[in-house]
Amino acid sequence: MKRIFNHPPAPTTGKKYWRSLEEFADTPEFRARLEREFPQGAAELEGDEVTRRGFMQFMGASLALAGIGLTGCRRPELHGVPYTKGVEWQIPGDALHYATAMPRRGGAIPLIATCYNGRPTKLEGNKNVPGFTGSTDAIAQAAILDLYDPDRSKVVLKAKDRGKDYVEATMEDFWEQFVILRRDYLKNGGDGLAILTEPSSSPTRARLQTELQRQFPKLLWAEYEPWTSQSPVGPVAYDFENADVIVSLDCDFLGAAEGTVQSIGGFAAGRRRLGKSQETMSRLYAIESRLSLTGSMADHRLRIPSSSIGGIASLLAGKVGAGAGGSFAAFNDPKIDAWITALAADLSSAKGRALVVCGSQQPAAVHQIVTQINQALGGAGTYPQPLAASGTLSDLAEAISQGTIKTLFILGGNPAFNAPAELGFGDQIAQVEQVIRLGLHVDETSAAATLHVPAAHFLESWGDALAYDGKTYLSLQPLILPLYEGISELELLGQLAGLPAPKGPQYIQDTFGPVIGGGAGKSEFTTAFEDAWHQFVHDGFASTNFQPAVGTIVKNSPAPAASTQQPLQPGEYELAFTLGTIDDGRYANNGWLQEMPDPVTKLTWDNALLVSPKTATALGVNVGTVNDSGSDLPDTDFSPRTSNSPIAVDPITAYPMVKVTTPDGRSLELPVLVAPGQADQTLTLALGWGRIAPRLTQAQRDVVTAPLRVADGAGSNAYLLRTSATPGFVTGVKVEKIDRTYPLAITQEHNSMEGRGLVREAALEKYHEDPAFVQEIGIDKDAPQGELKGYQNYESGYIPPKLYSRTYEPERPAWGMAIDLNTCVGCNSCMIACQAENNIPIVGKYQVIRGREMHWIRIDRYFATDVTGLPDGKPTDSAYLEDPQVLFQPMACQQCENAPCEPVCPVNATVHSQEGLNVMAYNRCIGTRYCANNCPYKVRRFNFFNYNDRPIQNVKLPVLGEVGELYLGPLAGKDGPLTYKGSPDSLQLQKNPNVSVRIRGVMEKCTYCVQRIEEAKIGQMRKSVQNGDGSGDITLPTDSFTSACAQACPAEAIVFGNLNDPNSKVSLAKQDERNYGVLAYLGTAPRTSYLGRVRNPNPNMPGAEHIGHTSVFEEESPGAQKNGADKPARPENVPPGAAHTNANKLNLEELIG
Amino acid sequence: MANIFPKATNLIVLKAGFALSIVGMLVALAVWYYFTPKYSRVGYEPVQPVYFQHDLHVGQLGLDCRYCHSYVEVSGHSNYPTTQTCMNCHTQIQKDNPKLKPIRDSWASGQPVEWVKIHNVPDYAYFNHSAHVSRGVSCVSCHGKVNEMNVVYQKEPQSMAWCLNCHRNPAEYVRPLAADKPGATSPIYNLDWTPPKGTSQGDLGAKLVHDWKIKPPTDCGACHR
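For the record, the sequence lines run as chains A and B. To convert a position in the first sequence, counted from 1, into my numbering, add 1470. To convert a position in the second sequence, counted from 1, into my numbering, add 1030.
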């Protein structure tokens, strides 16, 4: 008997989940796309830059050439090359681990680096450091690619004609010039000398700065970073873990703010206060203009323009009894007033455990109001005190325009790109006689400099730093010699201060001495010092906290006046700036981060102007939105989607463009992306994109290589609109539609599964009533119970159907994973960790448009709208998509017990292991893609091209026009567009030696990090010989290792381990009542399961009844009766929800036998 | 008119066809065999940059395998010896032997000796030496009696079927780790070891497989990842 799967219809009450506006509108076009295995064009060569026929010609010619000489028929002679002398600690084939730290905006992240034969390949968090759980964020995971970036600056460049012509110079040239400089400036006390650098938490740099300022009293030391907190005390570290009520005022502390790793960890701990003990989970309110990660996690979210945050803060201050408060008459909106009143009541009732955080780009006055609110509520944060006093960029700009600066050092940063627009800083630099630039890349600032010196990456240099809390003292050690002779900032500053060139960590040791209380200023090499130093470098942190430590928010600061910011008038727009996946642009040349989808909009490789559906309608760019006026859906306007891009792409990916003009007349043409959850009248634009590599001649390219190949041309430069007066947002912006479109690569609809109870949620109250609420969602209760639960542990005695027959043994581990949707904030850290661990290539923008991205783990973002009480369960107007609730769901291979991909493989390339893994044998795969077709989770990725072997940028060819080098196939080669071949050497160094690098035509997917599993098992076998025979215990210790995604997760939402071990984290997690399998009713019995999300709405809040409202699949609901034909087929005589009897059990065996 | 072909010729076509198909099959088999590791790999004996004699060093002088391949117990790779390892002895012994010139040159220049790889596992297969020697698989099982080879050659086909042969019947190969008597070399590295009198490999192996809970994986993921 054939088993017919009856998928449940979309729920008609409770929530409707949707991933994109197109899906929401449910147009025939969207259905057509959904039915496809891969998005339009993904599986075809037609429409590519090279036609299929042309491609065959290329291939034919090269095959014929390859045949001459029959080189393939000879046995290649391979060589084994040992060291000449053994290297200390080095065991060929084995990894070494070193502690270091990544300096970041606001504070460093402690790391452990994995090195194979002297090349670092992977970074993990250092969990030994107090306050850190051993996790990282996506940017820290991607830092390893920055180290091996083939576009890094490699040689000293001297400008013959600034901005136009460069010649290669040597490091010796530089030092020669450097010594003369120092001698000359010593004579006049540094008059005319300026140093521009980025803020740093390095105590050594602060020490060198003080020393330099002593030697050169007239030195101008300026620090600049585009995204600094406007708060009078700088970024504040809050205790999110112990807060019961958290209010975010335009502060994306889970996404783009400083110290997100710790914030996410603390927040997740507060959300984990859930379960049998009935503790109170924390409650998060977000008041913001753009739908950020913080807003996505919020229980209540208020959507208002950034310029109104100050007014809201004043109003809130008044209501919680902090300071003057504002009347808020200007806003005159009873809804907002009710919202704020309920919020204030909740805050006041949680005194001492309440926290209000303010976005760093809000004006200082708003920060002061928030400080007062926090004081009134008894919550206070700490902030790191500045280590040394510095000037600002505007001080420097003024000095330059007065002509007093003769020599300018620009160490790191990229001010010519990201300085406030009104300064015209690139042109200003060009006025300075001598500009020496130390940088990782030859970039916009280098183009204005007289001398460019390659900088060493942080993984190549000694250093020190403070963590985000401002007191944990971290060490940085080099893991590899500088690849391109680069020097670190500290080396340059030290020698400018007349210190001898450092021998190893000398500068750091001189700072470290006083910290541990030994020696003042100079390191005295006593035994005690050496022990402490070695401990410091080995552990990655000092046991003694750094002094001066931190400040707490000062009490009784003068009461600020209520915010005077006026709300936006109808028809007035504000432009708000934000940070995207590449931070402030410094990681723009990192392909992993460029291709990492924005967590909320799922946009890759670009930034776009985010507008709300309503604003889009007003601007006439309402692509893919429901028509605001009409009630009969769908009425979606796809008309502007005809691309005039030279490259033929799926027309649905062409987005309309607008011209944005700020009040001071700066304008930019930008693609528009309609973003649900965006505040009306607010246009949000991420900073950092729109990098422009210096335009070089071919001769210069030979010297520099092509700079910024990844970043160049991706997105638009938002800094051109940003001035120092309005760093966060600017009001009074004019917007007009222009007659152009722009292709955007958005992954939100790729690999989409239809809404079948994939994400499950409930309000806290409902959870307390029924902790097993997840079982009622979807049609799980109708599915065969055995397959629904799948493999729990050996005792549970799960027997797979005959087709999949296999035996499990209690001694063998059974691998499983549980992902807690309640704490997953969607930060993408797992995605990049997986990419680094598993040698996953990037594919480039136009491949992403075709849906060919290779990420093994993706994060599905679902919007949710309560459709209770609506006819047909369908929303009637666009209001429903303006305030969506959001859920994140990391989705990787579920390692199904009864994997649908396995029986359809004609060559047995994907089979099941005895430990429950669904394994892929790449060398068997012949690329039929049947498995991907049969995978209900859409988690298999196909190598359409040799992505690991091709650069990703486009090149211009005489006949074919602009062509992605990906398509050049075997004719691509080394020295030019037609001869470039192979992955750059430096990128090969990054590859994990324990994972195969896949080639074209091979299917791949998540393996549960099988290389880590095997390594752990083998490691245990090695230990079993301790007794002199092999009788030692070969059972793996509980949770002795984990997968890359679980290790990187700052929220600890992903747990991985052995299900046969009752004490493992994953076994415990799977016992949670919130545990469910996605599409488990299909009988796939996935090994990965999810824990349902619980929201914590405030019952007094307007609209609280819609928050966390559970989707219920009830037959009684009127909508379901209407759709009777699509009703889930239920065996007769079985009441809904009744346990299955054997007679009714659907059995896969019937399918076979 | 008489028949040109006698009656007997009727079957010639069939017979010839049959014979040709036999020949064809034989040719196919021969070609097939020619491409299997049994033919293409076994016996591969490349010329090494240095005429190193395993029979002299191991067989006659009695060096332990681990003197040179020192990390076999702790790493996936069984390392080639560093030049330093050679020079430990050859600064004293045979220090002017012209055959050792590449070693001395390497020591002087710091440029490593490029040994020619004999046993090559494909890149997509992850073989781990330490896992095998710590579970009682002797060097001899995969590399043959290297102590008797003047120049090392490949003894076993090292194909996947050959790997699985042992993974499916480990008792045939597993040896004790501890030496029979104090001071003797462990049976893993004693290539001439035979089971003690009164026991057979089968019985001893079966006991070890049971006691040590040896369950060699036969999943793809064990080696391919």
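Just so you know, the hints here were simulated from the structure itself, not pulled from any lab data. Glycine residues also receive a C-beta, built at the ideal position from the N, C-alpha and C atoms. Possibly wrong hints are sitting among the right ones.
Just the calculated beta-carbon pair ranges, DEER-fashion [said to hold, decoys possible]:
| hint | chain 1 | residue 1 | chain 2 | residue 2 | range |
| --- | --- | --- | --- | --- | --- |
| 1 | B | Y1063 | A | G1974 | 16 to 26 angstroms |
| 2 | B | A1155 | A | E2281 | 18 to 28 angstroms |
| 3 | B | W1062 | A | Q2458 | 32 to 42 angstroms |
Straight-line Cα separation of at most 25 angstroms, BS3-like style, residue types lysine-lysine; simulated pairs [said to hold, decoys possible]:
| hint | chain 1 | residue 1 | chain 2 | residue 2 |
| --- | --- | --- | --- | --- |
| 4 | B | K1125 | A | K1876 |
| 5 | A | K1555 | B | K1243 |
| 6 | B | K1245 | A | K2487 |
| 7 | A | K2487 | B | K1243 |
| 8 | B | K1147 | A | K2493 |
Right, here's what the structure says about each hint:
1. Y1063(B) to G1974(A): 16 to 26 angstroms: violated, 60 angstroms
2. A1155(B) to E2281(A): 18 to 28 angstroms: At 25 angstroms between Cβs, range holds.
3. W1062(B) to Q2458(A): 32 to 42 angstroms: Holds: the Cβ-Cβ distance is about 36 angstroms, inside 32 to 42 angstroms.
4. K1125(B) to K1876(A): This hinted pair is violated, its Cα atoms lying about 64 angstroms apart.
5. K1555(A) to K1243(B): Between K1555(A) and K1243(B) the Cα gap is close to 39 angstroms, so the pair fails against 25 angstroms, i.e. violated.
6. K1245(B) to K2487(A): holds, 12 angstroms
7. K2487(A) to K1243(B): holds, 13 angstroms
8. K1147(B) to K2493(A): violated, 29 angstroms
Going down the numbered hints, you'll see the structure goes against 1, 4, 5, 8, while the others check out.
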